[in-house]
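Chains A and B are the protein sequences, given in the same order.
All letters in the first sequence, in the order written, are residues 1 to 112 by the working numbering.
All letters in the second sequence, in the order written, are residues 1001 to 1383 by the working numbering.
Since the hints were made in silico from the structure, they are not lab data.
According to the in silico footprint, chain B covers these stretches of chain A (three or more CB under 8 Å from chain B):
1. 10-21
2. 24-35
3. 47-56
4. 78-90
Every residue gets a Cβ at the ideal spot worked out from N, C-alpha and C, and that includes glycine.
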Amino acid sequence: MVWTESSDVCISIYGTLQTLHQIDAQTTIDTTGLLRMQDLQFYNTTASGDINNANALALAKLIDVTLANSFAASYQSNTDTNEAISRMLTILQDAGKTVENLSDTVATLYIF
Amino acid sequence: MKAVSKIGLLILFMVSPLFLSAQIRTFDEARKAALDSLTSPNVLNEAMGRYMSALQNENPAAYKFIRNFNLKFKTFQADSRPPGLGFSYQYDNSWAKNSRGKACDASQSFNLNLDGNVAFKKVYNPVNFLESKFFYNGSFFWGGFAEKNSPEQAKELRRIFRDYNDALKNKDKVKEKDLMASANQLTHITDQYYIGINGSASYESNQDFSKTQFVPGLLINAGASSISGNSALRWFNLPDYPFALIRLLTGTDTRFSVSGVAIPAVLFGLDYVIPTQDSLRQAVTGALTPFSRVRFEASFKTEAARVASQVIWFSADYRWYHQLAAPQALVNAKIGHFNYFTCNLSSTNGFFVSYSYGQLPFDKQKDSVYALGFKYDLGNWTK
Chain A
1 MVWTESSDVC
11 ISIYGTLQTL
21 HQIDAQTTID
31 TTGLLRMQDL
41 QFYNTTASGD
51 INNANALALA
61 KLIDVTLANS
71 FAASYQSNTD
81 TNEAISRMLT
91 ILQDAGKTVE
101 NLSDTVATLY
111 IF
Chain B
1001 MKAVSKIGLL
1011 ILFMVSPLFL
1021 SAQIRTFDEA
1031 RKAALDSLTS
1041 PNVLNEAMGR
1051 YMSALQNENP
1061 AAYKFIRNFN
1071 LKFKTFQADS
1081 RPPGLGFSYQ
1091 YDNSWAKNSR
1101 GKACDASQSF
1111 NLNLDGNVAF
1121 KKVYNPVNFL
1131 ESKFFYNGSF
1141 FWGGFAEKNS
1151 PEQAKELRRI
1161 FRDYNDALKN
1171 KDKVKEKDLM
1181 ASANQLTHIT
1191 DQYYIGINGS
1201 ASYESNQDFS
1211 KTQFVPGLLI
1221 NAGASSISGN
1231 SALRWFNLPD
1241 YPFALIRLLT
1251 GTDTRFSVSG
1261 VAIPAVLFGL
1271 DYVIPTQDSL
1281 RQAVTGALTP
1291 FSRVRFEASF
1301 KTEAARVASQ
1311 VIWFSADYRW
1321 YHQLAAPQAL
1331 VNAKIGHFNY
1341 FTCNLSSTNG
1351 FFVSYSYGQL
1361 PFDKQKDSVY
1371 ALGFKYDLGN
1381 WTK
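If we strip away everything but chain A, and leave its shape as in the complex, we get:
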């Protein structure tokens, strides 16, 4: 999926990351798609994997809540909270994955 501001998925991810203070407030949508997980607030490259995995899980839960409630997204068929959090967690735990990668996964989990 192309990362573009006209997409409801992309704008919802951008809004979620702004709301959760994971990116600097002055970051535009274009720049956000290119950011890697290690460029977000929660991922600390100096910390151990144990800490980063725990932070990633906490953030996955907040992203799920924000998308489902603030952005009124519903789950795709055969998807639920459990599946959504587990799939997003896989992306969040990988320092090199980008926000665009996260958006691709979110597009398969939620309907906007």
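Assemble the complex: chain A is given as a structure, and chain B must be docked to it using the hints.
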């Protein structure tokens, strides 16, 4: 053409006993050759493959279990010993459940890993090691709730963020501020607290269980986030105060604002360590005896400033390791206890300045290291 084929087959039939007699001279050798071929890993693996194909239709549950079990027949051969038949097995499975409760949300996962090599004659097994490992992770969350918006409100929220993006491009500060205030009206997320418990138990043995060892591990971690600007929790984030001041002085923030999402995360662990290649420890104690160790870690990351459209992040991590009931020789050599601190300033374009001090468990001495440079991502860089 047909006549040629028939003659060829006739010649082959006539000379085949000559080939066989050249290979097998006695009945015992013939019997041994037949047994060898029937018990070769390839034959057994092929038979197993056919059995699995049939089982897939007849009993899917049993098929799924055995498929995950991953049994493979193989030949072991080490040094000058004769080859021995055996099998290796591997079973990896995990179950994860994220559930919402009235008091708190829970995210739990169970992992079971079995791994080993078994030779039918154990003396032929060069990798005589079986490992059965169970891992549990339970994370419990309090808070982190958001009010449910209607589809119309969600649509309005997306419009606000599109307009906010335009305001950023046009550098319209007044509009930026108004739009962010409007977005905050539609996103109320409560403070989130969590505690995680990781427990692992590993049972290691050789294939006849004459040598066994139990390796337990325990990890407890905790963290908190304050999303809403009205929450009092963020004012307890003391490490962020100097950075809040820097953000104010550099114009990154328009007012003194302590971050609620940069609250340090902490971890406390109890490890059972089996040293394998620790020459320093071997030299001091004369043996590589397993030992118990406690460890603590605290990590912190916050935005330090935004300079020329580049966001500068400050990341820090402190680790402390302490061997329980360490022998006096280790204490005297100062390798029963370790401290390590590292921090860096880095931007998304790769620029970084870092400083590290202390000693990790495999370091020979305390070091104080400064670094300055650029980090390039060539496609396979992860940290």
